[in-house]
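Use the sequences and the hints to build the structure in full.
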Amino acid sequence: MKTKITYLFLCAILLSACSHMRPTYLESMAGQYKSTSLVKKEAVPLAFFPDPIEIVSIGDSLTQGVGDSTKAGGYLPYLRNRLEKEPQITAAHLINHGKRGNRSDQLLKRLDSNLLREDIEKADSVVITIGGNDIIKVVRENFSNLTIAQFEQAKIGYEERLTKIINKVRSYNGNSQIYLVGLYNPFSKWLTSFKELDFIMNDWNESGKEIITDYDDAYFIEIGDIFSKSKEDLLFSEDYFHPNDRGYELIAARIYKNMEVNKFGEDTLEASAKGIGE
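Take 104 as the starting number for the sequence shown in this note's numbering and just add one per residue.
Hints should not be assumed to be uniformly reliable.
[What the hints assert, rightly or not] Using C-beta positions, here's what the derived DEER-type ranges look like:
1. Lys298 <-> Glu325: 16 to 26 Å
2. Lys267 <-> Ala175: 27 to 37 Å
3. Lys267 <-> Lys334: 37 to 47 Å
4. Pro190 <-> Lys225: 15 to 25 Å
[Stated by the list, open to error] In silico DSBU-like links for lysine-lysine, alpha-carbon gap of 35 Å or less:
5. Lys334 <-> Lys312
6. Lys360 <-> Lys202
7. Lys271 <-> Lys188
Source of the hints: derived by calculation from the structure; they are not laboratory data. All C-beta atoms in this analysis are idealised placements derived from N, C-alpha and C, irrespective of residue type, glycine included.
Dropping the structure here:
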């Protein structure tokens, strides 16, 4: 009888001990699960995947860099320096296909060359300067009797050719950013008798703006105010037509300001994300 009582007493103690231990054990397990809860991932910044970029510049003397005392390519080196300060860009390769005196019809023909086509196909961005020499052609052919009607007639052909230029660039590369740099009025110092030129420049710029904005990932960059509002001397002293070094520096700053630099590196980021997912 004593043995039976002892046995029952031990069972009671064990049951009592288990009832006290169970909550402690569950709390411990809950603590473990809590400490291993999932944390929401933040988006990976583009700077985590630095990438080189390639920019192709096509057009006239503004692209070639006439007036640049360093002969380094006008606005291009200034633009490269700004871009390479971006954390997601390891290097900016800028290719200069500018040619002094080019009008829109001449640039359109040059775009048929294999060299320009191959470079545009690889470009992250294409920057275009064109139209200034189309206007100069009107001035030269009608210098003694300039009228607004002459410029309006010439603008019709310019609009058609500009559309073809952009179409051709887009056909070579469906993913690149396209930037059309606007026109500025350099004539104010030596053609003071024709005050309507500011109106004409603005009119042609409006046409360029309307055309370029019809395309995806394509932008118009206004530079006319850089020259009209600045108190600095921004023109090349030998012709008072092309920008000087400071003029090109300010053009580069305006292009950079309007560039979608935050999109550079997205391809690398997407490719890396796919690799991680696979």
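Hint-by-hint comparison with the structure:
no.: 1; hint: Lys298 <-> Glu325: 16 to 26 Å; verdict: holds (21 Å)
no.: 2; hint: Lys267 <-> Ala175: 27 to 37 Å; verdict: holds (31 Å)
no.: 3; hint: Lys267 <-> Lys334: 37 to 47 Å; verdict: holds (39 Å)
no.: 4; hint: Pro190 <-> Lys225: 15 to 25 Å; verdict: holds (23 Å)
no.: 5; hint: Lys334 <-> Lys312; verdict: holds (26 Å)
no.: 6; hint: Lys360 <-> Lys202; verdict: holds (25 Å)
no.: 7; hint: Lys271 <-> Lys188; verdict: holds (31 Å)
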